[in-house]
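*Asks:* Sequence:
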Amino acid sequence: MKSRDKVLIVDDSDINRSLLADMLAQDYELVEASNGLEAVTVLSQQYNEISLVLLDIVMPMMDGFEVLASMNKSGYIDHIPVIMISAETSSVYIDHAYDLGAAEYISRPFDEKTVKRRVKNTIMLYAKQKYLENMVTEQLLEKEKNNLVMVEILSHIVEFRNGESGLHVMHIRVITETLLKQLCRMTDRYNLTPEQIAMISNASALHDIGKISIPESILNKPGKLTPQEYEIIKTHSAIGAEMLEKIHYFETEKLVQVARDICRWHHERYDGRGYPDGLKGEEIPISAQVVSLADVYDALVSVRVYKAAYTHEEAMQMIFNGECGAFNPLLLECLKEAGPTLKKELKVRSLSGASRIELQDMARNLIQSGNASNRTLALLEQERTKYQFFASMSKEIQFEYNYHSDLLSISEWGAAQLGVNEVIMHPKQNPQILNLFTHEDFEDFLTKIRTAEPENPILSGTYPLKIKGSSRWFKVVARPLWVMEESSELTGVIGKFIDVHDEQVELDQLKQLAKIDSLTGLFNRAYAKRALDTILNNEADASQNYALLVFDIDFFKSANDEFGHLFGDQVLANVAHRIQANVRKSDISARIGGDEFLIFMEYKDHLEQMIERIFQALNGSFQGYDITVSMGVACFPQDGLDYMTLFHHADQALYAAKRRGRRQYCCYESSMQDLLTGVSAEA
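Residue numbers for the sequence shown, in the working numbering: 1134 to 1816.
Treat the hints with care, since some could be wrong.
To be verified - In the DSBU-like style, the derived pairs of lysine-lysine whose C-alpha atoms are separated by at most 35 Å in a straight line are:
1) LYS1469 to LYS1608
2) LYS1476 to LYS1357
3) LYS1791 to LYS1662
4) LYS1469 to LYS1357
5) LYS1367 to LYS1354
6) LYS1469 to LYS1354
7) LYS1344 to LYS1367
8) LYS1357 to LYS1367
9) LYS1413 to LYS1357
10) LYS1440 to LYS1357
11) LYS1662 to LYS1690
12) LYS1629 to LYS1644
13) LYS1601 to LYS1718
Don't read these hints as lab results, they were simulated from the structure.
All chains should be built: construct the whole structure from the sequences, respecting the hints.
*Replies:* In structure tokens form, the structure reads like this:
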């Protein structure tokens, strides 16, 4: 059974929508929207299915003219006809509707026959136009395919004579295309269009066509060429160009002209030391410059009769060291950036010449230009149906953002979880969205989107979202969409938010356990060392003053022996509480051994008073047990510039305090440098 065309009726009046539905329901599948915002949402979700829109002008939230403007911005107006139906009869309204792309304008009151006839005629007109576009597109694709086949046949004949594997032509096309796309991302100096990139890539296959005139004994010689043989080899570039110039029937074809330039000048060098004409710098066409670099790279990484293959890394080093001649510095930068991608692409390309990425690009471009065949659209519809099914079944917050319409769509389940609308216009200014994130997190997410690149498009991050009054951790995984992979113009973003709150809380707890002493709640020894290393090595300078206090509890063993280890633990916890009550948040305090502690703090002046205050606070009584401490102090920068030195000197000062009778503190002096103690700075 033939499927019926789908018509979208947009009107804020229930009666008007009902009247139009009664007229059209027998012949068409109908979708209704009660305002412009709903219409834009339906269009964004079903634009491949809708054959026509019946649109009112005066509506709440978004009027008919705004809907037309949105359709112009997104490109829908080029493929979906719009008939305006309105009581407004002023020429100003009618002219404005036509200026915005409306195909027809029907004034109220209207009769059934007029509406049905105009709807039918408009759909038929656009269907015929689409059929013609598909037919022309298929013819162009077939012609391009035939051209490419002939080019590859001819170039493979040359390779066969040259005794090469047959992959050289394909590699040159891949490398040329990759470099040109990278060049477009880095500069607009050469104004290369996607069509020009494709043409240069195809024409590159003919770069060595002139070798058909070179004797096989020279082409396939396994050893080094003599000077005379090398001069003969050098003639192939000029001969190839001459062969193409003599194709009189196609001499005006752009492909032939580009191929001719590549043939003649792909052995020129940027410093003018190439052949056959000694061109220099930008005198060499950019097509020939790119193919030249591609040819050298592939020659290095491929097996030849006269050499083994170099690795990718070896080839890059030789090129950048200038061992293969001088190249455009900008192209060298392109090669450097595209290197990892290039290495991978040469492995995954098939002999048919098209990679999975290229096929995806082709499909996307066909859809965006409206030239997809009915079979393609049917397959895409199946994919869309599958996507909607899985989205509804999964417990993930899935979203899609369209830059042209500035419209954010969120999956039904996801919108309910977040407590926001499923469709949000202008999300960057929408309070519902802004309230989910902190300002810093939202900007971080947007920056990741803006800086993503086609070579590595997947981005992720973990953020706390404020949902219905409480904060939960979510991981976002997203992918920007570009007009074409080599273009920097973003068309949208797709992605999903995954609830990882429990895992994140557990991870935070584990991180906390990794740096906190469980008995006292102070930092542990390992974390304290890392924190001090970071401050002293990266943050501190000679204008700042820090003090490191190292101390232990006098005769602590007696507390364990007389009252038991549980009481001893309580004494340690009491000392930790005294420390926390007498230091600042910016200070670092840690338990570094059984009854050994450290405090690290910055000071401006009055160091003696600060140490005295802390020392007195640590001494006291706990449940009838007298707590006293012995302490050693070392200062930055005078007593040491790194953690190990400071700790060693504070340790020696502590030992001096013990030798003087305990229950006191000593500041480090150079006379103490020979004192030793069992306390070690190492973990």
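*Asks:* Run through the hints listed earlier and report the numbers of any the structure violates, in increasing order.
*Replies:* Violated hints: none at all, because every hint is consistent with the structure.
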